[in-house]
Amino acid sequence: MADKLPNTPKLDELEKGKWPSFVKEIKMAAKKSPMCADLLGQLEKSYTEKVGYWKHGGIVGVMGYGGGVIGRYSALPKEFPNVSHFHTMRVNQPAGWYYNTEALRKICDIWEKHGSGITNLHGSTGDLVLLGTRTEELEPIFDELQKINFDIGGSGSDVRTPSCCCGQSRCEWACYDTMAACHDFTMEYQDELHRPAFPYKFKFKFSGCPNDCVASIARSDMSLIGTWRDSIQQDDAEVKAYVDGGLDIEEDVISRCPGKCMAWDGKKLEIDNSFCRRCMHCINVMPKALRPGKDRGATILLGSKAPIVEGALLSSVLIPFIKMEAPYQELKDIIERIWDVWSEEGKNRERVGEFIQRVGMGNFLEAIEVEPVAEMVAHPRENPYIFYEEFFEEDDDEEGDKG
Amino acid sequence: MAEAMQERRTDYGPPHYEQFLPPVVKENYGKWKYHEIVKPGVMVHVSESGAELYTVRAASGRLISIDKIRMYCDLADKYCDGYVRFTSRHNIEFLTPKKENVDPLIKDLKDMGHPVGGIGNAISAIVHTQGWVHCHSAATDASGVVKAVMDDLIEYFEERKLPGKLRIALACCLNMCGAVHCSDIAILGIHRRPPRIDHANLKKVCEIPNLSASCPTAAIRPAEVEGHPSVEVLEEQCMFCANCYTVCPAMPLADPLNDGVSIWVGGKVSNARHEPMFSKLAIPFLPNNPPRWPEVTEAVRNLVELWAKNAKKYERMGEWIERIGWPKFFKMSGIEFEKVHIDDFKHAGLTFKRSTHLTF
Ligand code: SF4
Ligand code: SF4
Ligand code: SF4
Ligand code: SF4
Chain A
1 MADKLPNTPK
11 LDELEKGKWP
21 SFVKEIKMAA
31 KKSPMCADLL
41 GQLEKSYTEK
51 VGYWKHGGIV
61 GVMGYGGGVI
71 GRYSALPKEF
81 PNVSHFHTMR
91 VNQPAGWYYN
101 TEALRKICDI
111 WEKHGSGITN
121 LHGSTGDLVL
131 LGTRTEELEP
141 IFDELQKINF
151 DIGGSGSDVR
161 TPSCCCGQSR
171 CEWACYDTMA
181 ACHDFTMEYQ
191 DELHRPAFPY
201 KFKFKFSGCP
211 NDCVASIARS
221 DMSLIGTWRD
231 SIQQDDAEVK
241 AYVDGGLDIE
251 EDVISRCPGK
261 CMAWDGKKLE
271 IDNSFCRRCM
281 HCINVMPKAL
291 RPGKDRGATI
301 LLGSKAPIVE
311 GALLSSVLIP
321 FIKMEAPYQE
331 LKDIIERIWD
341 VWSEEGKNRE
351 RVGEFIQRVG
361 MGNFLEAIEV
371 EPVAEMVAHP
381 RENPYIFYEE
391 FFEEDDDEEG
401 DKG
Chain B
1 MAEAMQERRT
11 DYGPPHYEQF
21 LPPVVKENYG
31 KWKYHEIVKP
41 GVMVHVSESG
51 AELYTVRAAS
61 GRLISIDKIR
71 MYCDLADKYC
81 DGYVRFTSRH
91 NIEFLTPKKE
101 NVDPLIKDLK
111 DMGHPVGGIG
121 NAISAIVHTQ
131 GWVHCHSAAT
141 DASGVVKAVM
151 DDLIEYFEER
161 KLPGKLRIAL
171 ACCLNMCGAV
181 HCSDIAILGI
191 HRRPPRIDHA
201 NLKKVCEIPN
211 LSASCPTAAI
221 RPAEVEGHPS
231 VEVLEEQCMF
241 CANCYTVCPA
251 MPLADPLNDG
261 VSIWVGGKVS
271 NARHEPMFSK
281 LAIPFLPNNP
291 PRWPEVTEAV
301 RNLVELWAKN
311 AKKYERMGEW
321 IERIGWPKFF
331 KMSGIEFEKV
341 HIDDFKHAGL
351 TFKRSTHLTF
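First to last, the sequence lines map onto chains A and B.
Read in order, the letters of the first sequence are residues 1 to 403 in my numbering.
Read in order, the letters of the second sequence are residues 1 to 360 in my numbering.
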């Protein structure tokens with residue numbers, strides 16, 4: 001069937017070079033799938049004309065779900081009939097992106113039978129993305145996924161598929177069990193994940209420490225980043241071993257410490273932990289000598305997003321420290337209050353971060369019943385235009401009690 | 001009815017991760033003590049119990065065929081007891097307690113065309129999005145640009161010769177599915193021509209009040225055009241964000257003559273040392289020049305090498321630029337500073353230089 005591949009001189013150029021070639025991948029799939037042959041054809045045309053040929057998404061899905069499938073249609077169905085439909089199915093990945101080969105092979109078999117044979121491992125939200133199928137295949141695919149216990153992920157104005165770093169499964173720095181939390185929240189919020197009912201999307205990302213390997217502070221409406229409250233665990237002999245081994249501790253560790261809370265007298269490293277900002281730098285440089293403390297939990301931050309609609313945001317602190325232990329009830333109560341307020345008063349396509357900007361963080365905190373604390377701000381306000389909500393009148397009694 | 005409901009389960013969620021953990025991971029879960037980078041793309045984690053776990057990280061193109069996944073599976077069966085994992089940056093990782101498996105595995109991966117690397121002070125795989133392969137909104141391709149850039153920078157993936165970590169990300173339009181806005185180097189597809197309105201069909205496919213409301217600069221107003229109820233765009237107010245197109249297919253922005261790529265630098269998400277930062281505009285526009293985007297690959301390489309040459313150890317791109325100051329960055333990089341570098345959206349004033357701390 002290889003001889004049926006379209007002529008693609010531009011794309012062929014991208015088969016060369018050392019980085020893995022997506023063109024080779026599509027060609028490999030095209031041996032079995034006419035969809036991928038037309039995908040190559042349409043893509044070559046894009047490379048020639050410098051513009052895409054996909055139509056705006058349409059609404060398709062599987063029964064009982066409001067999300068998880070992205071409708072996609074070619075703008076050139078006559079020229080490339082096999083990609084006239086080219087829908088995406090988002091499959092909710094297992095926490096931490098671990099698989100066994102049995103499960104992966106089954107997914108491949110399903111996709112060979114019902115789709116293009118091309119995937120994304122993984123999409124930027126975290127899902128295992130099956131790229132390219134027809135509307136009438138959606139139900140059969142879901143049917144088969146169900147048999148192997150894989151469910152579909154989120155899309156549209158719902159909870160998007162949560163994702164997490166590998167956490168305690170492999171990383172000594174994980175300050176809570178990110179995979180357990182990610183799985184727990186994913187299961188708890190299945191309805192919110194599968195049936196869009198929010199003003200816009202809501203993402204959770206779980207990072208085990210402030211290194212934030214899943215970019216939660218930039219890419220999730222709620223960022224759950226592991227941290228510790230007590231002192232860095234320190235092994236002085238190992239510190240010395242690093243120094244003896246050639247580490248320039250003054251230059252590479254102490255001068256880079258943002259808390260300016262470290263000192264080295266040539267023999268012993270002193271850390272004033274009350275001023276440590278939990279940045280991870282010293283621990284990253286000397287993993288054998290320093291470790292996060294033992295009183296561990298997470299900092300919860302809220303509101304990051306890409307520029308659309310009103311500009312990009314980073315998440316900001318909502319809860320400076322919380323223990324991350326199942327069933328995470330205190331946190332879930334707060335989340336549900338956030339969703340209530342935002343669903344009630346948020347505008348269409350307004351992310352929670354933008355909503356907070358519009359109504360004011362102070363008002364938002366009041367609505368979700370969280371006390372303001374100094375950790376929430378980089379600094380207190382500079383502008384004196386304060387919205388006081390009450391004032392005294394001349395006939396108030398001395399305590400200022402009205403009436 | 002109850003039976004019918006039972007037949008078709010919904011909302012059962014992803015399979016529990018525990019069944020996918022290699023035994024050594026399960027046994028040492030939460031007990032890892034430290035790790036070391038053994039060589040490029042290989043690290044060993046050591047447990048309190050003394051157990052060792054080797055990780056081999058290989059590049060992948062993110063767009064992967066099922067036959068390639070099956071080849072991965074063969075390797076995982078051969079070397080890793082049938083387990084494998086992926087990273088948030090589209091890499092594939094093979095985990096094994098057996099040190100003797102590492103080198104043969106690397107050899108097999110390389111033979112398959114998958115370089116090993118991306119750990120420590122190296123460039124990790126480029127987080128990216130769909131582009132012309134699958135998205136309606138794209139101002140550039142994703143996979144093609146990434147392939148071209150990484151072919152060019154492969155040495156920095158396979159070796160550890162950079163001062164610190166370098167994270168590159170690409171999004172093919174301002175929707176930024178890959179949220180590239182906090183990367184050391186962000187490659188961002190941009191449109192530069194206002195939407196071309198399909199007046200004849202607009203009313204059929206879009207709700208006009210929703211459409212007007214979608215524009216962050218209020219550039220869209222209801223209007224009757226050529227006898228059709230439609231909208232008009234105040235073009236001098238348009239910043240090509242494509243919010244309107246997201247809610248209304250009759251407002252396409254894609255345009256071969258004006259679409260292209262912008263380059264942003266100095267963002268980070270990790271809290272190590274400096275707090276997380278947004279990337280800032282370095283190069284406003286480079287043309288789409290498929291299949292290899294030579295202008296983009298050259299610009300990225302220049303930025304990588306300028307930083308690599310001048311940054312102190314562990315200093316990320318943004319930390320380095322903050323130390324030397326942006327005027328120096330523009331001077332050293334040879335990038336011309338233009339009007340478009342000055343922010344003019346909300347809070348723009350916060351980005352002005354408000355001191356005399358200047359270098360000459
Ligand atoms: S975020 Fe922290 S705990 Fe999670 S994998 Fe990265 S370094 Fe480890
Ligand atoms: S974690 Fe960061 S702030 Fe704390 S002592 Fe280490 S370098 Fe300093
Ligand atoms: S970044 Fe834009 S063009 Fe690229 S996949 Fe996302 S929405 Fe589509
Ligand atoms: S592209 Fe953005 S700024 Fe321009 S009209 Fe559309 S919504 Fe408004």
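Certain hints may be false.
For lysine-lysine, the following DSS-like pairs were computed, each having C-alpha atoms within a straight-line distance of at most 25 Å [as the list claims (entries may be wrong)]:
#1 A:K240 - B:K33
#2 A:K323 - B:K33
#3 B:K33 - A:K294
#4 A:K240 - B:K78
Because the hints were derived from the structure by calculation, they are not lab data.
Evaluated hints:
1. As the CA atoms of K240 (chain A) and K33 (chain B) are separated by approximately 18 Å, the hinted pair is consistent with the 25 Å bound.
2. Simply put, K323 (chain A) and K33 (chain B) have alpha-carbon atoms about 21 Å apart, close enough for the 25 Å limit, and the pair holds.
3. Between K33 (chain B) and K294 (chain A) the CA atoms are separated by roughly 13 Å; this keeps the pair inside 25 Å, and the hint holds.
4. Annotation: proposed proximity of K240 (chain A) to K78 (chain B) is violated, straight-line Cα distance about 41 Å (limit 25 Å).
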